[in-house]
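Use the sequences and the hints to build the structure in full.
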Amino acid sequence: MNWLLPWALGAAAAAAIGVTLLHLLARDRPQRWLLPTARFVSPGTARATRRARTPRDMMLLALRVLALVLAGAAFAGPVLSPEGGRVARVVLLDRSGAGDARAALDSARARMHAGDRLVLLDSTATIVPPGQESAWLDSARALPVVGPAAESPALGGTRAPLSAGIIAAVRAAAEIGPYADSVLLSIVAPSGDADAALTHVRALWPGRAETVNVVPAQRAASFGGVAADSPSGVSRRPSVRGAPGDAVVAGARLAGAVLAGGGGAPRGAATMLIRMQPTTSDSAFAREGGTLLVWPGDTASAAGMAPRATPDTIGGFIAGDAAVLYAAARAHVPPQGRVVARWIDGAPAITEAAHGRGCIRTAAIVIPPSGDLTLRPAFQRAMQALLAPCAVADPRPLSDSTRVLLAGEGPLARAGDLRASAARSPATPWLLGLALLLLLLEPLLRRPDASAATGAAA
Amino acid sequence: MPIAVYASLLDAVRGVRWPARGPVAAAPPGTHHSRLRGSSAEFAEYRPYRPGDDSRRIDWKLLARTDRAAVRLATERAVLPTTIIIDASASLAFPSTTLDKWVLAKQVAVGLASAAHASSDPVGLTIVASDGMHTLMPRTRRGTVGDMMRVLEATEPAGSTPLAGAVRASHDISRIAIVTDLLGDADALLDAARVHRAAGGEVHLVHVVAMEELEPPQEPLLATDPEDERLERPLTETTRSAYQAAFAGWRAAQARAWTAAGAQYHLATTGTAAHRIVRQVTDARRVEPPRPGVTDVAR
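Those protein sequences? They're chains C and S, same order as listed.
Each residue of the first sequence is one higher than the one before, starting from 14 at the first, in our numbering.
Each residue of the second sequence is one higher than the one before, starting from 906 at the first, in our numbering.
It is worth saying that the hints were derived from the structure and are not from the lab.
Keep in mind that the hints are not guaranteed to be accurate.
[Unchecked claim] Under 7 Å between C-beta atoms, here's a sample of chain C residues computed to sit facing chain S:
| # | residue |
| --- | --- |
| 1 | W20 |
| 2 | A21 |
| 3 | P43 |
| 4 | Q44 |
| 5 | P49 |
Backbone N, C-alpha and C fix where the C-beta goes; we use that ideal spot for every residue, glycine too.
Right, here's the structure in full:
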């Protein structure tokens, strides 16, 4: 048996000792005694302090001590736990790493038990609600097949730092159940470098942790099974699909893209720009590792676009190291994702979201149909940056120093140190009720006022 | 209390006589010196013959020797009616478990009655209880003391009826013995005793005190007056000595006052045997001799 607040037992013991001493030193009203010559006694306060060698009213003392012990035990919160205590886990699953997604999910699943907590780290740090960890892992492993505009589990894209994941893990550990004595932080598939706050944030976890590596994800060495500059002579130049006279298509072709037909990206293309809504084959292209740049001519009809609160005009956008300056009308906001191009005021203009093993970039930039904007060198450079392959995962493995920092040293973290509030013991209300019942019986055991039996005092 | 206890007391006081403290007033013949001078066999003095005296009382031998006619006077003896007045208030019921004060008071009353009865004096009893006074008129007949014992055994001490009335009611009684603890109407009682004494009566006060009143228990107690339960005083280590001093001072003051009033004050504690108290009260060594020159001729 363990105690949630062991100090409460000490407090109860101290109170019991105090009550025992009071039973030795209690001041009480003297026993009443009929004395015919009472008139000769000086008037005064009818109180007498007596000191006894043994405590008076042993039954009453026993009842009071028992009530105090029960109350102390109630506040101390006894918890039945298996011998050696139970180790709970907080599993921090880094989904933005270079590891295989399914392997990472399997590793996380293998470490989860009833009562453990799951924290997801991708573009944000998310705490899975208690009790839903298994269901989430099952659904995530299924990797749902969705249409062009559907959401998909963020397996990349914008990546939150490890510090955010550890902070979320500390918050998740605060709700660990009362049956756990220790908590182990398991970081599955960690990746990336240590951010500036990682050292301080790691100190928030008061115990050692474990890092779990997973096999690296197979990356598409070639698109469509054909390597770049293969003997077959197929080029990996980006492709563009749209009307040949379209300004953006013309600009992309000037940047080196190949005009594709209506059947989708040519064989071997790693990046494709389309000027219309993506089709199923376009989604499959991205899912298989391609980079799809969706640059609709009409942002109002594009899926995933959200209208701006206040449409306005701005002086241009920045992509890569190129700044394209022109009077651009802004009416929509691109969907959530990693920002690959920004308006000159810093607002996202083109975002990238992971899709399968590739990604889909969505542009909320309206290019004037006429003019020489797309012929300018700045636009060419911007187009080259936009047609670069996806930044799906941070291919950098965890450094040894970061791994050592994450693992920490020493014993496991105590669950009591992490809990946001004192866990509750199921025995507490019963013990407290029993203590109150004993206190209700106390008046029955108190000595009644002495009768006028004068001989009793003799 | 079984009558058998009185038997041992009566046996202890057998032969005890209760002489009068001084010459008694005119009364039927008895054992006590009378103020009157009569023609009994106990010669007292000669008085010159005056015309009108009974010539048969002339001492002819003195006349032959001295040629002086003188009348022979002798000491007369009279009875001394006695009433025992006993206090049956609640303060006598102490300690509550043994009633030692009440037991002693009864025994002293019975002992004194027995002594008076043995002296052939009429003896009566007045019990001042919660329901008033109960009086047995002074009598000399054989079963008087037995009647007193039965009446006393049927009485339970309670209430707080004043005693002074009983003393005033005994104005025609030559001798009264008051058995009380003086915790009632002590001042009024003393005044009544003074009046009785001034009228020529004999007054004995037996002041009954319990040992527990003299030496209360050491443990802290809340002392309560049984005749006034609103009076509560803490009897502790700090107040015990002051209580004992105050009580002793009050007893001494009462003794002085009663003695100054001409009464006989006797302290009776529950630790003392009743027959000793009876002997103390009836002690003949404290009897006053007849005063010369104060004579009344018996007609």
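Status of the hints after comparison with the structure:
1. For the restraint placing W20 (chain C) at the interface with chain S, the shortest Cβ-Cβ distance is roughly 40 Å, beyond the 7 Å limit, so the hint is violated.
2. Below 7 Å, beta-carbon pairs count as interface contacts, and A21 (chain C) has none with chain S, the closest being about 38 Å; its hint is therefore violated.
3. Proximity of P43 (chain C) to chain S holds as hinted, the smallest CB-CB distance being about 4 Å (cut-off 7 Å).
4. For Q44 (chain C), the shortest C-beta to C-beta distance to chain S is roughly 6 Å, which falls under 7 Å, so the interface hint holds.
5. With 7 Å as the threshold, the beta carbon of P49 (chain C) comes within range of chain S, its nearest partner Cβ sitting at about 4 Å, so the hint holds.
Taken one by one, the earlier hints fail for this structure at numbers 1 and 2, listed in ascending order.
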